[in-house]
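Asks: Each chain, written out:
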Amino acid sequence: MNSLEITCSHLTDLVTRYMESALGPEQQLSFETHLVFCSDCQVFLSQIRDTVALLRAMPREPIAAVERAAMLAAYDSGR
Amino acid sequence: MAVPATSSGGPSAGELRRNRHLFEAAIDRWYPATFRLARSIVQNDQTARKITDDAWHGVLTRLAELNPDEDVVMLVLRRTAEAAASRLAVAAEQPAVDPARFEPKSSRWAGWWSATPHALMQGGANQRIGDALSRLQAAAAAVVVLRDVEGLSAGQVQAALGFAPAVQQTLLHGARITVWQALAGSPNREQS
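Quick note, the sequences are listed as chains A and B, same order.
When the letters of the first sequence are read in order and numbered with this note's numbering, they come out as residues 5 to 83.
When the letters of the second sequence are read in order and numbered with this note's numbering, they come out as residues -1 to 190.
These aren't lab readings, by the way, just hints derived from the structure by calculation.
Since the model is a prediction, treat every value here as computed from it, not as a measurement.
Heads up, a few of these hints could be off.
Claimed, not checked - With the Cβ distance kept under 8 Å, some of the chain A side facing chain B (calculated, not the full set):
(1) Cys12
(2) Thr16
(3) Ala26
(4) Tyr79
Said to hold, decoys possible - What the simulated footprint calls covered on chain B by chain A, stretch by stretch (three residues with Cβ under 8 Å from a Cβ of chain A suffice, anywhere in the stretch; the number is not a length):
(5) 20 to 33
(6) 49 to 56
(7) 93 to 100
(8) 147 to 153
(9) 165 to 175
From the three backbone atoms N, C-alpha and C, an ideal C-beta is built for every residue, glycine too.
Hey, can you work out the whole structure from these sequences and the hints?
Replies: Following this line, the structure appears as structure tokens:
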């Protein structure tokens, strides 16, 4: 294995740093080269991206009316 | 109306002082986010509500004194994290992908990969995500809630929670792997 090669297991360890653009140039090249040849890791990366998209789409509970009113009262009295 | 120039994209203290509508928009967007952050850390609705209220009230009572350029949302998020700081200790061990998934001779995982996680095919993704988030250590939960659920940038999360970049990336990775595992399932779980 040369210095540019990484294993599937190593790729899974690096995936978040890759998505956060936090890999060095050589690691990024290794990561992307591995992906070209490994369909399992392509699926893995796709699933992690789907996971982040699902987290982002989690339903948001709106602020309750009573708490909203309390916040506005505090704002009005402190402005 | 001026476009907010703060790092969170929310209004500055000066803008909030001048514009009640901006304040209403800010609490509609960011009070629930603050509560979600607090709940991810303390895992208790009542305590999380108190932390959230205290953080917002603490900032509102000082609104007139704040620097006009102060990012109020980031201030509230920082106060929320500080209120629960003792729970944000980072555990040494982080979740990782089972290396056996990539063993060609592993019969347990053979054929398990597919383009769509099993939970998505079966429905109930939000329930599985919620369960997975509740199992995370507080530090990892706080990072993933701000970064992925609320959509803050890596730098904003760092400013709110105070973790070093490498620590934050490790926490985020562990959280994403935990949630992914909950969605993707495993042969053992699906067969039981």
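Asks: Hints first: check each against the structure and report whether it holds.
Replies: Cross-check of the supplied hints:
1. With a cut of 8 Å, the hint placing A:Cys12 at the interface with chain B holds, because the nearest CB-to-CB distance is about 4 Å.
2. Interface hint status for A:Thr16: upheld, as the beta-carbon distance to the closest one in chain B is roughly 4 Å, under 8 Å.
3. Because the closest C-beta pair between A:Ala26 and chain B is about 6 Å apart, less than 8 Å, the hint holds.
4. Taking 8 Å as the C-beta cut-off, the interface hint given for A:Tyr79 holds, the closest approach to chain B being about 5 Å.
5. Coverage of the segment 20 to 33 of chain B by chain A holds in this model, with 8 residues showing a Cβ closer than 8 Å to a Cβ of that chain against a need of three.
6. Under a criterion of three residues with beta carbons nearer than 8 Å to beta carbons of chain A, the stated coverage of the segment 49 to 56 of chain B is upheld, 3 such residues being counted.
7. With 5 residues carrying a beta carbon less than 8 Å from a beta carbon of chain A, the segment 93 to 100 of chain B meets the three-residue requirement, and the given coverage holds.
8. Against chain A, the segment 147 to 153 of chain B contributes 3 residues with a C-beta closer than 8 Å to a partner C-beta. That satisfies the three-residue criterion, and the hint holds.
9. Here's how the segment 165 to 175 of chain B fares: 5 of its residues keep a CB closer than 8 Å to some CB of chain A, so the rule of at least three is met and the hint holds.
Violation of the numbered hints given earlier is absent; every hint is satisfied by the structure.
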